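Visitor: Each chain is listed here by its residues.
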Amino acid sequence: AQSVTQLGSHVSVSEGALVLLRCNYSSSVPPYLFWYVQYPKQVRQLLLKYTSAATLGIGINGFEAEFKKSETSFHLSKPSAHMSDAAEYFCAVALWGNEKLTFGTGTRLTIIP
Amino acid sequence: NAGVTQTPKFQVLKTGQSMTLQCAQDMNHEYMSWYRQDPGMGLRLIHYSVGAGITDQGEVPNGYNVSRSTTEDFPLRLLSAAPSQTSVYFCASSSDSGSTYNEQFFGPGTRLTVL
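For the record, the sequence lines run as chains A and B.
So the first sequence is numbered by my numbering: it starts at 3 and just counts up by one.
So the second sequence is numbered by my numbering: it starts at 176 and just counts up by one.
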């Protein structure tokens, strides 16, 4: 079984500041890891997907996520926040051969001008 | 492409009523699924389908039925609505059969209230 925990249901950062959204997972085997994003008035869409042996997943709009096996974490970051990054972000995990994509509860990111 | 479409956007039902939530996709995706989202919880998988004529239960299937007669459509039926089914329902599709680890394309959701 797998589970996902997102720390912080609401995060606010100033425009130009570092964005860091935290995600921890539990899984008995190496999982596939995802970040999805839902911008205002849009549908949920894939931001990035991590499936390789490398530690970094590269996503759209300058986001990246670092996989740390020892910490079972997959935190999402962006060096400099933009107003257009305001959205709700969801971490998700899937296991190969398991028809279940497990989502976290989401983090709503607000950008302060 | 319209992507994944869902109808209706909003629905209010009385306890015991039945209804069908519609989901359609025009991307020729084999894999389709239904989720519900409740406050403070992540999406929970209700039912899924890996192709026309094939469906299976997810995490929270009780009270819901599905069928998949075509690749494009995957309706979700509530047989006898209960207040516990008040939720936002999302349909999603993916290009490969049995691939939740491929990109999921989501619909806009249906907000259902059961009184």
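Worth flagging that the hints you see were computed from the coordinates, not collected in a lab.
Everything numeric in this text was worked out from a predicted model, so none of it was measured.
Using N, Cα and C, we set each Cβ at its ideal position, and we do this for glycine too.
One or more hints might be untrue.
Unchecked claim - Okay, the calculated beta carbon distance ranges per label pair:
1. B:252 <-> A:20: 42 to 50 angstroms
2. A:19 <-> B:228: 34 to 42 angstroms
3. A:16 <-> B:227: 44 to 52 angstroms
4. A:102 <-> B:182: 46 to 54 angstroms
5. A:79 <-> B:190: 20 to 28 angstroms
6. A:114 <-> B:190: 23 to 31 angstroms
7. A:9 <-> B:190: 31 to 39 angstroms
8. B:178 <-> A:114: 29 to 37 angstroms
9. B:180 <-> A:82: 30 to 38 angstroms
10. B:229 <-> A:18: 43 to 51 angstroms
Visitor: For every hint, state whether the structure bears it out.
Guide: So, going through the hints one by one against the coordinates:
no. : hint                                : in the structure
1   : B:252 <-> A:20: 42 to 50 angstroms  : 47 angstroms, holds
2   : A:19 <-> B:228: 34 to 42 angstroms  : 51 angstroms, violated
3   : A:16 <-> B:227: 44 to 52 angstroms  : 50 angstroms, holds
4   : A:102 <-> B:182: 46 to 54 angstroms : 26 angstroms, violated
5   : A:79 <-> B:190: 20 to 28 angstroms  : 46 angstroms, violated
6   : A:114 <-> B:190: 23 to 31 angstroms : 44 angstroms, violated
7   : A:9 <-> B:190: 31 to 39 angstroms   : 37 angstroms, holds
8   : B:178 <-> A:114: 29 to 37 angstroms : 32 angstroms, holds
9   : B:180 <-> A:82: 30 to 38 angstroms  : 36 angstroms, holds
10  : B:229 <-> A:18: 43 to 51 angstroms  : 50 angstroms, holds
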